[in-house]
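For the record, the sequence lines run as chains A and B. Quick note: the first sequence uses our numbering, first residue 1, plus one each step. Quick note: the second sequence uses our numbering, first residue 103, plus one each step.
For the record, the hints were derived by calculation from the structure and aren't laboratory data. Even glycine gets a Cβ: it sits at the ideal position worked out from N, Cα and C. It is possible that some hints are incorrect.
DSSO-like cross-link-like pairs, simulated, lysine-lysine; straight-line CA separation at most 27 Å [stated by the list, open to error]:
1. Lys98(A) <-> Lys267(B)
2. Lys26(A) <-> Lys87(A)
3. Lys98(A) <-> Lys87(A)
4. Lys87(A) <-> Lys268(B)
5. Lys219(B) <-> Lys98(A)
6. Lys98(A) <-> Lys268(B)
Now the in silico label distances, taken between C-beta atoms and shown as ranges [unchecked claim]:
7. Val94(A) <-> Phe212(B): 52 to 60 Å
8. Gly205(B) <-> Val94(A): 19 to 27 Å
9. Asn84(A) <-> Gly118(B): 21 to 29 Å
10. Phe212(B) <-> Asn84(A): 39 to 47 Å
For reference, the chains in residue letters:
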Amino acid sequence: MDYIQPYLMLSSILFSMGIYAVITRKNAVAILMGIELILNACNINFVTFNRFGNFATLDGHVFTMFVIVLAAAEAAVALAIIINLFKNIGTVDVDQAKEMKG
Amino acid sequence: MPIPDLGILLFLGLCGLIVGSAFMVVTSPNLVHSAVSLLFTFFGIAAIYIYLYADFIAATQVVVYVGGILVLIIFGVMLTNKIENATITSKTHNQIPGALFSGILLLLQFYAIFNTKWLVNDNPEKSSTVMDIGELLLGKYLLPFEVVSILLLSALIGAAMLSRKKVD
Chain A
1 MDYIQPYLML SSILFSMGIY AVITRKNAVA ILMGIELILN ACNINFVTFN RFGNFATLDG
61 HVFTMFVIVL AAAEAAVALA IIINLFKNIG TVDVDQAKEM KG
Chain B
103 MPIPDLGILL FLGLCGLIVG SAFMVVTSPN LVHSAVSLLF TFFGIAAIYI YLYADFIAAT
163 QVVVYVGGIL VLIIFGVMLT NKIENATITS KTHNQIPGAL FSGILLLLQF YAIFNTKWLV
223 NDNPEKSSTV MDIGELLLGK YLLPFEVVSI LLLSALIGAA MLSRKKVD
């Protein structure tokens with residue numbers, strides 16, 4: 001594939017699906033899955049522009065590595081928080097976590 | 103009728119796999135089905151990286167996402183549901199505003215994609231990207247590399263502290 005548009009279309013579709021999951025899901029783990037989809041869409045864009053742009057070096061690949069590391073850190077911390085939430089209120093429904101709501 | 107290029111057919115098949123399994127991820131009421139569909143999405147994206155001449159990123163995607171993050175997510179699904187609930191279901195809400203918002207976002211992005219004159223350089227394929235990435239990581243991006251490693255360490259320690267049992 002020597003065109004840039006199919007890759008960008010794929011990443012925008014993944015991004016929109018991630019946004020849809022974040023908006024519609026009530027389960028915190030499912031929201032986390034949506035965020036992972038968004039991060040993957042962003043990675044595809046980085047690598048695509050590095051492939052087709054006027055670059056001699058692979059800076060886009062390095063940024064993709066950083067995003068993957070941040071996604072791993074984010075998944076670990078988010079799951080720790082979700083498990084604490086489950087211990088405290090017995091559910092991971094984000095609508096039920098309203099103890100501090102004024 | 104000309105026979106289409108096999109690479110293009112494979113690319114379209116991969117796109118279909120990724121979009122279909124991502125659709126399962128965002129809509130399936132069963133969370134275990136969502137997590138397993140996420141596996142296919144991540145594998146498909148690794149194959150797309152190979153189309154983009156990014157072999158090291160593809161391997162990292164398989165190792166970190168499929169081997170690490172996905173297992174964490176499945177742990178999360180299993181640990182946050184009561185045993186009595188035989189089927190792990192998840193309710194959804196706000197379908198219509200969510201679909202409208204993400205649809206409008208998608209249309210805007212498609213508009214931008216098809217109305218921009220992209221600079222398309224046909225960069226030659228490198229035999230291996232590992233050496234270039236290593237030189238960048240330990241040269242130009244040394245400080246961000248060290249900062250991100252400290253961030254990962256502190257995030258993992260914080261996660262372990264958050265989720266352990268309190269000992270008085």
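Checklist entry - What hints, given by number in increasing order, does this structure fail? => result 5, 7 and 9
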